[in-house]
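Just so you know, the protein sequences line up as chains A and B, in that order. Under our numbering, think of the first position of the first sequence as 1, with each following residue one higher. Under our numbering, think of the first position of the second sequence as 1001, with each following residue one higher.
Among the hints, a few may not be true.
As the list claims (entries may be wrong) - Mimicking BS3-like on lysine-lysine, the simulated pairs with C-alpha atoms at most 25 Å apart in a straight line are: (1) B:K1074 / B:K1085; (2) B:K1068 / A:K102; (3) A:K102 / B:K1085; (4) B:K1148 / A:K148; (5) A:K59 / B:K1058; (6) B:K1102 / A:K102; (7) A:K85 / B:K1059.
Please keep in mind that the hints were generated in silico from the structure rather than gathered at the bench.
There are 2 protein chains.
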Amino acid sequence: MRWEELDQQPCSVARTLSVIGDRWTLMVLRDCFLGVRRFEEFERRLGITRHVLTDRLKKLVQHGVLVKKPYQDKPRREEYRLTEKGLELHPVVMAIVHWGDKHMADERGAPLLHVHKGCGHAMSPVTVCSHCGDPITARDISVQPSPKWLADESAGASATRGHLTKRNKSYTKPCRANPVQ
Amino acid sequence: MRWEELDQQPCSVARTLSVIGDRWTLMVLRDCFLGVRRFEEFERRLGITRHVLTDRLKKLVQHGVLVKKPYQDKPRREEYRLTEKGLELHPVVMAIVHWGDKHMADERGAPLLHVHKGCGHAMSPVTVCSHCGDPITARDISVQPSPKWLADESAGASATRGHLTKRNKSYTKPCRANPVQ
DNA sequence: ATCTAATAGTTCCAAAAAAGAACTGACGCT
DNA sequence: AGCGTCAGTTCTTTTTTGGAACTATTAGAT
């Protein structure tokens, strides 16, 4: 399957990755969350090639994750800022940082501290259940197809067909399988 | 900069992405969390080429995210399972799913529901502060270099040098900049 | 008036990675 | 003997990156 077909899939992971699931895109977003806004600063900090940076910024703008706004005229210069939609990727970035702090740090530990302005303490992100507020791990969650999708499926939905190869016939249903462990 | 140099950087995002920041790797992990364990099932579900799948599984095993264990002899067959380290990527995957459910879903909404076994309700992941337990957004967090890293830096640490190009001189310090917004 | 610097790109070529399909090898079943 | 399963490997073509140089617009210095 080609990468551009990913967003066709009935899976929120696949669809999200069609926007941010790229080698460089998440590094660009990391810098956005650290306040970087300008082309050359992204380039300097990341060591990304200008060609690829141009492409990734353009895609993020197309998807509404960043907006390009002028910060001066004569000569016209533009910078890139996170939109609300972009800011909502913060949990993704925080989860990635936290895993890296725990599993990829050297003897010096985490390079950066995250301070919660509300309570004033260095914090790490904890994922909790939106219903009961308890912390969750992979083993606490079971997955089931949404009723709406099941209804559509039994009604013979075919909207998501058409991109299937001979080998691959499983994409008309939401991606599911047996639970973890 | 080349991609393989990413894990050299003093940034937990970069280091984590050196393991999972690949087009296909996160899709493989999604399937792992859905209970997929076998080579051909990954291939069938993802439409990934066998060559790339072999490579990604090997890398995930090298990084200790998956383990390969035999499930039969004669002929020997092996399957891939998440380790504890791998299971701890769950918050990353959940954050990605949640963003996709909110921003990339079509009129049918989220394809899958996540049920918290503890309380029995469909849930979405909420990121809270490990210290005070309040939900956080990007604007609630400020970032600062860790004291340990600052100490090392002023002591003239040079362990992370050596991969820098002429253009790119900023990697001896933890990646930081101005706060968001 | 010319030279240099800054910013945000574009263009070009070579190298690396991915897509797509066929092939391998160990075995089990009929 | 022939077919099927599984977990890969090999091969060729296409796409994407890396790396470096070039462009356009303006400000300020010589």
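Right, here's what the structure says about each hint:
1. B:K1074 / B:K1085: 30 Å, violated
2. B:K1068 / A:K102: 23 Å, holds
3. A:K102 / B:K1085: 9 Å, holds
4. B:K1148 / A:K148: Given that 25 Å is the threshold and the Cα spacing comes to 51 Å, the pair is violated.
5. A:K59 / B:K1058: It is violated: about 30 Å lies between the C-alpha atoms, which goes past 25 Å.
6. B:K1102 / A:K102: Violated, because 28 Å separates the two Cα atoms, which is more than 25 Å.
7. A:K85 / B:K1059: 32 Å, violated
Hints 1, 4, 5, 6, 7 from the list above are not met by this structure, while the remaining hints are.
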